[in-house]
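**Student:** Order-wise, the sequence lines are chains A and B. Count the first sequence with the working numbering and you get residues 1 to 544, in order. Count the second sequence with the working numbering and you get residues 545 to 1088, in order.
The set of hints was computed from the structure by calculation and includes no laboratory data. Only a predicted model underlies this, so the values are computations on that prediction, with no experimental measurement involved. Ideal Cβ positions, reconstructed from N, Cα and C, are used throughout, including at glycine. Possibly wrong hints are sitting among the right ones.
Said to hold, decoys possible - Derived list of chain A stretches under chain B, where covered just means 3 residues or more per stretch with a C-beta under 8 Å from a C-beta of chain B: (1) 45-53; (2) 146-159; (3) 181-195; (4) 337-350; (5) 377-383; (6) 415-421.
Claimed, not checked - Which stretches of chain A does chain B cover? Using the computed rule of at least three CB atoms under 8 Å from a CB of chain B, they are: (7) 273-285; (8) 389-398.
Protein chains: 2
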Amino acid sequence: MKITLAQLNYHIGHFEANLAKMVDAIAQAKEEGADLIVFGELATCGYPPRDFLEFDEFIQRSDAAIADLCRHSEGIGIVLGAPDKNMDPRGKNLFNAVYLLSEGKVQYVQHKTLLPDYDIFDEYRYFEPAKRWGVAEYKGKRLALTVCEDIWDIGTSDPLYTVIPLDEMMQYNPDVIINVSASPFHYKQAEKRKKVVLENVLRYKIPLIYVNHCGAQTDLIFDGGSLIANSNGILVSEFPYFEECVRTVDLSSLEEAKSTVGQPMDTSDAIRCALVTGVRDYFQKLDLKRAVLGLSGGIDSAVTAVIAAEALGAGNVTGLLMPSQYSSQHSVDDAVLLAQNLGMSHHIVGISPAFDILTAQLNPLFEGRPADVTEENIQARIRGIYNMAYANKFGAMLLNTTNKSEMAVGYGTLYGDLCGGLCVLGDVYKTQVYALAATINAREEIIPHNSIAKPPSAELRPGQLDTDSLPPYEILDAILYAYIEERKGPRQLKEAGYEEELIAKVLKLVNSNEFKRYQTAPILRVSQKAFGLGRRMPIAARYF
Amino acid sequence: MKITLAQLNYHIGHFEANLAKMVDAIAQAKEEGADLIVFGELATCGYPPRDFLEFDEFIQRSDAAIADLCRHSEGIGIVLGAPDKNMDPRGKNLFNAVYLLSEGKVQYVQHKTLLPDYDIFDEYRYFEPAKRWGVAEYKGKRLALTVCEDIWDIGTSDPLYTVIPLDEMMQYNPDVIINVSASPFHYKQAEKRKKVVLENVLRYKIPLIYVNHCGAQTDLIFDGGSLIANSNGILVSEFPYFEECVRTVDLSSLEEAKSTVGQPMDTSDAIRCALVTGVRDYFQKLDLKRAVLGLSGGIDSAVTAVIAAEALGAGNVTGLLMPSQYSSQHSVDDAVLLAQNLGMSHHIVGISPAFDILTAQLNPLFEGRPADVTEENIQARIRGIYNMAYANKFGAMLLNTTNKSEMAVGYGTLYGDLCGGLCVLGDVYKTQVYALAATINAREEIIPHNSIAKPPSAELRPGQLDTDSLPPYEILDAILYAYIEERKGPRQLKEAGYEEELIAKVLKLVNSNEFKRYQTAPILRVSQKAFGLGRRMPIAARYF
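Given these sequences and hints, build the entire structure.
**Tutor:** Structure (structure tokens):
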């Protein structure tokens, strides 16, 4: 049996485009003599459709796409993910399902059992878990059809679920496991995925075909990397990362095949590719071409500019340099040099005249109070106005250049440097931004050395340095990682060797700045605990 | 048996404060000779704690609070909600539980079965559903202990769950149902709640004691209204709304008691009380006293000002009037009159000088392009800077005055009039804002007649009216309600009699402006489909 794996970039709610892509892949599969083609999870509507799933008409559109695909299933079996209505009045109204279509009809439907509901996942919000399990028979083969998470909860001492769906299916002696996935990128995910696939084939002693999405959906980036493993626990094929790929394999030759799996991608390279995909698809799927961003001469805006230029073309990216009286000349020089290195346009517009007028107008209200953070914020907010005005006038989107460390501790001005339609580095710690810069500069110096080497500064008052108010980033990032990714509380952090006062300071900063993160643009997810929708905290709380 | 119901205002994560409140209520209950006292759901830690539940130390703090309460349980039984660790390695690590404490020990724990995971609820994210059911025996009575949603899924033709926990408990012949709740306000909830309580007592023929939270947690407002129903289906007691109340009833006299339940609150009155509670608690729980808001002379900022003054005291609320060349004199006059009527301070600061400088600075970048929405946004964003500068300088919080209709269609400027730490009217349609204004003015004219009577305008260009770009609010709100609350798609809206072109325009506006709502402050929830975290939409999607 020949199987085509179709690793595609879907667009949520764009049923026509998704259907057209699938029909093209089916044509290719037929040309290559495939018996079966496999798409991803919720392929008709894209993943994650979120509350669109609550609209009957949205489900009807998905059903119509399945009916269309049935018409293309003469001579080929089609396996794809799509919602399925729950006919039992009890329970949620939908299942997250995998379909087998052939000879013009829906031949089999298996529901997803394990519904992820953590981090960025909310599947239990919409779906009822599977109540029955079986296998689909096709051309003499018994297919164990699974959806994404269904294969992810085996072999752990603390399983998240109480059922293992493949254990249930094994009584029907399947010949192959097929998994339709929408498994979003984080920088440890590709290796985890291979491990999980191998654990499954070693447990069940049959081959596994794993098909993922690629491309980004708002904050989530799907990295592809579809896999084929044989029953001996060898990964015989690994699809490319971050791009579409439709490729056919012969099931009968799997068992003798050798591993063709390459070295894992370097973490910084993977993050860079993910961010480029995230920016590119956000613009494409919103029908936007041009980006603008503020260039401070610092490392964060430089890395963001490089990623934007890679994603959109340097000709579509404009940098605004907005110096104040506190900006050093080298900041302007570094930013200009970066723009030149990238071949992107830039404009210089000073903020001092506007700052002087705004503060003069406010003076009567301030009753002679001394300058404080208010005036620092006004500078950042004037820059926000310039950036947004440029975006509005030229139909561009402003990119937010804040990194995760700053975002976490609130080291940024709401409606100032926190403006923007997409937060490119918001899930990337400052120390990881340095690693990204090193990767970018590995071949040639695109980011000026000075932007990397100088001590970080917001330049909102004379001689200001980040370290005036924050611990050094190596220490800050370590504490933040332990708190955010590992959910360690103050006692555990103290046991890990950090000073009590420092822990209290950092945790208080994070908790009391949740209101800023709440109002930030979507943050491209690269970590295991996404710093956008993956972390959900109450604001008016008191803890730590 | 005498039972004390303790309807309290908890603070998320503030274990000491929550514990102290409960200890006070226990003392009162003992004085009143109570055998048992009942608190709300997740009373130790407050509701909803969200991802704090992922921290072991947070759960340890809750466990410590339970141990403390045990020490107060000599001579009285204590029923309260709190997380409970799942000792089975399979499944999620926590249960949402109700505890019975007495004689210094945990006597019984029942886990919650029905875990809401829709709208603003995410309980399946953290909790495993109950696997076993029983009753707690206390002083010769068998108590059926339930948590909130556990009593909410009976008697419907399309139940959301597949189990009815009280059906399971009935085999143990309980004498009374006790429900510990954290059931947030929406303007139809109080009547629904009474209906649900009555359905339960009529089904099981035993009395029901229902204890709710009161007070607000960020965007969620708990309205109290705890209830007691006897086995004949009579509501014998209804607790006050939006305030704390600790009161003791005698179970033995319930059956003869008459209904003491009053008329339902008028919808606008209830929304007004809810919003006042929401503002008051957000400030109190964040240790803030002062609010600032922009006063445009329009109805939205006027209603927001009235609510803020009620919540915080007029002396703690400041209005900024920020006229431009396009502002009419009556807008300034109306805003001044409102401030005087309320007794709140106000300042006038014009935006024209700053606007002139900012646009002049941008002129070289704009290459002679004509004025467009860019310049309108600059005006709104200068006001944002003034508002935020005032807030920063005086330690105040800026209140966002946008209503739900504007928010839905993106009729507002991001980082301009959409600035603010709390969105007071973001879940209140424009037509509901008019009803609120009428309620407010019922006794005396606080909101100037002209603010209510004049046609709505953003005053960002000469003679501009909302109806230049939007349909009249009666029609717009009806379509928005059908789309947002009822999840009707374009076909169903057409069947409901709206013009195809109008439907397409409104739905496109809503979908393409999700990026603005994403970046908005928490929105106080008053509707059944909360317009903040209750509605979760992908941004880079294409549907409708």
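**Student:** Just pull the numbers of the violated hints for me, sorted ascending.
**Tutor:** 3
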